[in-house]
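Chains as they are written, first to last, in my numbering: chain D, 1 to 184; chain Y, 185 to 630.
There may be inaccurate statements among the hints.
Unchecked claim - Just the calculated beta-carbon pair ranges, DEER-fashion:
id : chain 1 : residue 1 : chain 2 : residue 2 : range
1  : Y       : Glu234    : D       : Pro93     : 40 to 46 Å
2  : D       : Pro52     : Y       : Leu601    : 57 to 63 Å
3  : Y       : Lys535    : D       : Ile116    : 47 to 53 Å
4  : D       : Arg23     : Y       : Leu332    : 44 to 50 Å
5  : D       : Leu58     : Y       : Glu469    : 35 to 41 Å
6  : Y       : Phe215    : D       : His39     : 52 to 58 Å
7  : Y       : Lys473    : D       : Tyr117    : 53 to 59 Å
8  : Y       : Pro499    : D       : Leu58     : 48 to 54 Å
9  : Y       : Lys535    : D       : Thr59     : 51 to 57 Å
10 : Y       : Thr428    : D       : Ile90     : 22 to 28 Å
11 : Y       : Leu529    : D       : Ser91     : 42 to 48 Å
12 : Y       : Thr243    : D       : Ile116    : 48 to 54 Å
13 : D       : His39     : Y       : Val579    : 57 to 63 Å
Said to hold, decoys possible - With the Cβ distance kept under 10 Å, some of the chain Y side facing chain D (calculated, not the full set):
id : residue
14 : Lys206
15 : Ser340
16 : Ile355
Derived from the structure by calculation, the hints contain no laboratory data.
Where a beta carbon is used, it is the ideal one built from N, C-alpha and C, also for glycine.
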Amino acid sequence: MSSHVKGVFNHLDSLITAIDRLRKADFDDYTVLSPLPRHEIEEAIYDNEPSPVRWWTLTGALVGGTGGFTLASLTSAVWPMALPAGKPMISIPPFVVITFESTVLIAGLATLAAIIYHCRLPAMDLPIECEDPRYSSDRFGLVFHDLEGARKEEAIKLLHDSGAEEVSCADDEDDATELVHEEA
Amino acid sequence: MQNENAVTYGLVNKEVIEPLFKPSLAWAAIFAVDLLILAFGVYCWSYQLEWGMGVAGYTPPVFWGVYITTFVFWVGIGHAGTLISAILYLFRARFRTGVYRAAEAMTIFAVLSAGLFPNIHVGRLWYVYFLFPYPNQRLLWPNFKSPLVWDVFAISTYLTISSVFFFVGLIPDIAAVRDSNRNPIIKKVYNMLCFGWRGTDTQWRHYMAAYGFFAALCTPLVVSVHSVVSWDFAMAQTAGWHSTIFPPYFVAGAIFSGCAMVITLLVPITKIFKWENYLNILHFEAMAKLCLLTGFILTYSYIIEHFIGWYSDNPYEWGIFVDRATGQYDWIFFMMVACNCVIPLVWWFKKVRTNLWGLWLVSIVINIGMWFERYNIIASSLAHQFDPGAWVLYVPSWVEIGIMVGSFAWFFMWFLLFVKLMPAIAIAEIKEMIKPPLSTDTEEAA
């Protein structure tokens, strides 16, 4: 029977120690929860690998800039009678404003789409162990998903040894959480 | 932040979230008065819709008056929020953390207020969609070489991106409000508002990357949006408007008035909500110094504008500047100079800029002065154009004044609702300023 194992940490350094240890022990299906972004956590898990969000922003900027300039140019081109005599039909300086605004607008909306996609929002399918109100207040969390047998015991011991103030586990078929360890 | 060691993550949640949802009698009374004023503003607008633009005080050739003045005023107020949240974020200015959420909210509500005025100004509200350059099947043929079309793009982009930036910043804090509340309905609503945010490692990683990009995208917007608004005037041939100094002059003025409005709003809120741990005199002093800097740029712009008017040897150009200072609008000119250039100089004295009353009163004076500045630019130039036969005196009607006052009530209505429903201090970012809890601290304490 697989279980979710959850550790609650009071201290950031204990959490980082736990992440380092679990990576060495080849655990890969886990979630870290924290009330604030900490670069130590990101470095410990992702080794400073940049987020793919940047590609969304760049693509949005290119699409927006091209689209804005094309919109302004084609509108001028299909209505040549509106031109004051002697002035260019497609005039770069005034269209720069439209191009710039469209670039920022579409890049911003693409970045928003990136957050929704990569953060998996709305995040309604996270396991119940991730829904602890302390994680948005003053505690850090580490949740292992679907552990069985010896691996489960190893995870509990790892959390305990790293300084978790509370360790608990819940079986998939039984939602009741069993408190395995709580620091005095 | 005051006494960083005494503030813990849990305390931040408690102190920022506690004042939410429970309206005090004072809040309810202020809100009721605000709604009454707003109702008067709505009445004035409906009166204008019924009887037409004749009820506004427009006197040909002055067709840009209080409405455009107030539009530019609100766009200017909307500047400081994005300046503080985006530019100061990129510069890692620590004082921004306590201030920026309220400043961002102020930006959104100010741009919402500004957005009312093109609708009011066009008169026939039911044709307002003509403003948008949508495809040409209606044979509208939008002219993308017109600064008015640039303005539609600039303001719409600014409102959209600032709103997205504001809302994205709120997501983790809305989750904190959800988790601290026991009411199941409030929990459900806030869970929907924060898209079920839990603060997982994946969420924070992409969120922080995106936040940086938003800040980078918003930074040029701060400069561009008021530059574009200034081109509404500077691209015209009207004397007193047709000037290359307008974009930096308008941007400096916008930051000046926006920072002053942040002080006006945050001084009472800090006192009422007892947020001295997060917003203290150092934050307000930093804002006052920013006002001093931008106020000097503004004063310099006034001087240069007049100097160039004289040096150009163009009688129309010089004539308008002489008329502003000595003609029928002279008191508006002197209000502008007194409120924007002279009175803020008291902030050079540390005693004044570190006194909450000194900060608050001067910030209100600056806001008044900046409204008069826009009026001075817009109305006086139109009332004193090239042909002396067309010189007129434009006096706003009670309908215009009512709508203008109503826009202030509209702005404050949103702000009052915001401080009761959303955390006006950025909880997660305040926590970033605090030393994280470490096991070594506990061992030392033991």
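Going down the list of hints, with the structure as the test:
no.: 1; hint: Glu234/Y to Pro93/D: 40 to 46 Å; verdict: holds, 43 Å
no.: 2; hint: Pro52/D to Leu601/Y: 57 to 63 Å; verdict: violated, 37 Å
no.: 3; hint: Lys535/Y to Ile116/D: 47 to 53 Å; verdict: holds, 50 Å
no.: 4; hint: Arg23/D to Leu332/Y: 44 to 50 Å; verdict: violated, 58 Å
no.: 5; hint: Leu58/D to Glu469/Y: 35 to 41 Å; verdict: holds, 39 Å
no.: 6; hint: Phe215/Y to His39/D: 52 to 58 Å; verdict: violated, 41 Å
no.: 7; hint: Lys473/Y to Tyr117/D: 53 to 59 Å; verdict: violated, 41 Å
no.: 8; hint: Pro499/Y to Leu58/D: 48 to 54 Å; verdict: holds, 52 Å
no.: 9; hint: Lys535/Y to Thr59/D: 51 to 57 Å; verdict: holds, 53 Å
no.: 10; hint: Thr428/Y to Ile90/D: 22 to 28 Å; verdict: holds, 24 Å
no.: 11; hint: Leu529/Y to Ser91/D: 42 to 48 Å; verdict: holds, 44 Å
no.: 12; hint: Thr243/Y to Ile116/D: 48 to 54 Å; verdict: holds, 51 Å
no.: 13; hint: His39/D to Val579/Y: 57 to 63 Å; verdict: holds, 59 Å
no.: 14; hint: Lys206; verdict: violated, 19 Å
no.: 15; hint: Ser340; verdict: holds, 8 Å
no.: 16; hint: Ile355; verdict: holds, 8 Å
The structure fails to meet hints 2, 4, 6, 7 and 14 from the earlier list, while all remaining hints are met.
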